[in-house]
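We have chain H; now place chain B onto it with these hints.
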Amino acid sequence: MNTYKYKVSSPFNHTTEYQLHSAYSLQHSELRNIVNSTMSRDPLVVGNVVGDVLDPFIRSASMSVAYNNKEVTNGSELKPSMVENEPRVGIHGYNNTCLYTLVMIDPDAPSPSNPTKREHLHWLVTDIPETANASYGNEVVSYESPNPMAGIHRVVFVLFRQSIQQTIYAPGWRQNFNTRDFSQFYSLGPPVAAMYFNCQRENGCGGRRYIASGWT
Amino acid sequence: MEEVWKDIALSNLPHELSPPPPSIDRRPNSDASLSGLILQDYLAGAFGEPPQPRHDSLEQLPLPPSLLSLRPDHSASLPTQPNLTAEQPSALAIAGWDRRQKRIIKNRESAGRSRARKQASLRPLCFPKLIAYTNELEMEIAQLAQENAALKKEQEELKAAMAGQMVSQVPTKGKLKRGSSAPF
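Residue numbers (UniProt numbering), protein chains in the order written: chain H, 1 to 216; chain B, 1 to 184.
Simulated from the structure, these hints should not be mistaken for lab results. A portion of the hints provided could be inaccurate.
[Unchecked claim] No more than 20 Å apart at the CA atoms, straight line, and that leaves these computed lysine to aspartate or glutamate pairs for DMTMM-like:
(1) B:K118 - H:D52
(2) B:K118 - H:E77
(3) B:K106 - H:E86
(4) H:K70 - H:E86
(5) H:K117 - B:E109
(6) B:K152 - B:E140
(7) H:K79 - H:E144
[What the hints assert, rightly or not] Among chain H residues calculated to face chain B with C-beta under 8 Å, some are:
(8) V46
(9) S113
(10) T116
(11) I152
(12) N198
[What the hints assert, rightly or not] Estimated spans, in silico, between C-beta atoms of each pair:
(13) B:A150 - H:E202: 54 to 64 Å
(14) B:A142 - H:Q166: 27 to 37 Å
(15) H:S142 - B:R100: 38 to 48 Å
(16) B:G112 - H:P56: 13 to 23 Å
(17) B:L137 - H:F185: 50 to 60 Å
(18) H:N203 - B:L137: 33 to 43 Å
Here the structure is a predicted model, which is why all the values come from computation and not from measurement. Just so it is clear, CB atoms sit at the ideal spot from N, CA and C, and this is done for glycine as well.
Same shape as in the complex, but just chain H (with noise of 0.2 Å):
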């Protein structure tokens, strides 16, 4: 009998704690419809992170990412001067001894309409401990700041819990990374918390050209 625990932090800072038991899968999995169909207006919904990158998901992790200082919030969009180098990702909690691993991607390599790189790996940093940030991690591919050539690309942000402290290896490169197969080789089991920010050419989202677009 498998108990799945909930944790909802609302906006007001407080975290309620629920648990499931799955005697009654149906009840659980009917649960999980109910949410999912109700969070159609979740960003990664209907940016179709979902779908392209992961599969339906409950968040149980409370995770936020800043660039110089500023929260990103979901969907939103930055320049690549924004971006430049790594932000602070914080992970909430209380439970220093959770560890979480962060990986960062961009389904929409080389271009949104031509993604034959998908995913391009830009950040990968594993043990992080719950209540720190990304700089206590063990950083195993650095941070690439990400530049997109052509179109509007999402760029998103994955987060992990680790049942123990495991050593991950960094692929050999950084195109065509795909973080269902990374999770399911890590045995890390389904995100716990994602989002993900727009991201084009600093003077406009590089238009049809059809070299970096990889367009025929």
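Positioned in the frame of chain H, the structure of chain B alone reads:
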């Protein structure tokens, strides 16, 4: 009905002719024979200047199948190339149309992405609504969790009750109880 038979008869006449285009029955009645000949010439790749009457009826000609399937709206574009040979316009036109069609599809996808982006960024800005929505969800979760726990209890109780009943009823029903019959 007669046009259909006329068309079939016409198509049987020239043996080298490729199968007539699918919408051949759309041709107007009066031009059946005339356009049949023209079609034959067209498909056989007639070079040289087309005669004057051909110029007019080209507009009514059904286009070759490939062009037809791709260009339902642009049936009038063929007359703009009367001077080219019969084979060249189809190759160029098809290539151009393929690119155009791809472009249209990509445009549609891009528009969809733009709409998604717009929706994704604007919705959360309704802050009070967001708070209310989150609260609603939390309440729903609480309610469902309670219901779940209650139902689970109920199920366990029922199970126990059933098990208890089974044990007490079935075995003792058919059994013959042995009373004491021995002297010791």
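Checked hints:
At roughly 18 Å between alpha-carbon atoms, K118 of chain B and D52 of chain H fall within 20 Å of each other, so this suggested pair holds. At roughly 11 Å between alpha-carbon atoms, K118 of chain B and E77 of chain H fall within 20 Å of each other, so this suggested pair holds. Between the alpha carbons of K106 of chain B and E86 of chain H the distance comes to roughly 33 Å, so the proposed pair goes past 20 Å and is violated. Only pairs whose Cα atoms come within 20 Å are accepted, and K70 of chain H paired with E86 of chain H is accepted, the gap being roughly 12 Å.
The hinted pair formed by K117 of chain H and E109 of chain B meets the criterion: a straight-line CA distance of about 18 Å does not exceed 20 Å. Our distance criterion of 20 Å between C-alpha atoms is met by K152 of chain B and E140 of chain B, whose separation comes to about 18 Å. Our distance criterion of 20 Å between C-alpha atoms is met by K79 of chain H and E144 of chain H, whose separation comes to about 14 Å. Annotation: V46 of chain H was flagged as interfacial toward chain B, and the flag holds, the nearest CB pair being 4 Å apart, inside 8 Å.
For the restraint placing S113 of chain H at the interface with chain B, the shortest Cβ-Cβ distance is roughly 5 Å, inside the 8 Å limit, so the hint holds. With 8 Å as the threshold, the beta carbon of T116 of chain H stays out of range of chain B, its nearest partner Cβ sitting at about 14 Å, so the hint is violated. The restraint placing I152 of chain H at the interface with chain B holds, with a minimum CB-CB distance near 7 Å, inside the 8 Å limit. The interface hint given for N198 of chain H is met, as the beta carbon of that residue sits about 6 Å from the closest beta carbon of chain B, less than 8 Å.
With their beta carbons about 58 Å apart, A150 of chain B and E202 of chain H fall inside the hinted range of 54 to 64 Å. Between A142 of chain B and Q166 of chain H the beta carbons are some 34 Å apart, a value that agrees with the proposed interval 27 to 37 Å. Our hint of 38 to 48 Å for S142 of chain H and R100 of chain B holds, since their Cβ atoms are close to 44 Å apart. Taking 13 to 23 Å as the suggested C-beta distance range, the pair G112 of chain B and P56 of chain H conforms, at roughly 20 Å.
For the pair L137 of chain B and F185 of chain H, the supplied restraint of 50 to 60 Å is violated, since their beta-carbon distance comes to about 33 Å. Here the CB-CB span from N203 of chain H to L137 of chain B is close to 41 Å, well matched to the stated 33 to 43 Å.
Comparing the model with each numbered hint stated earlier shows that hints 3, 10 and 17 do not hold.
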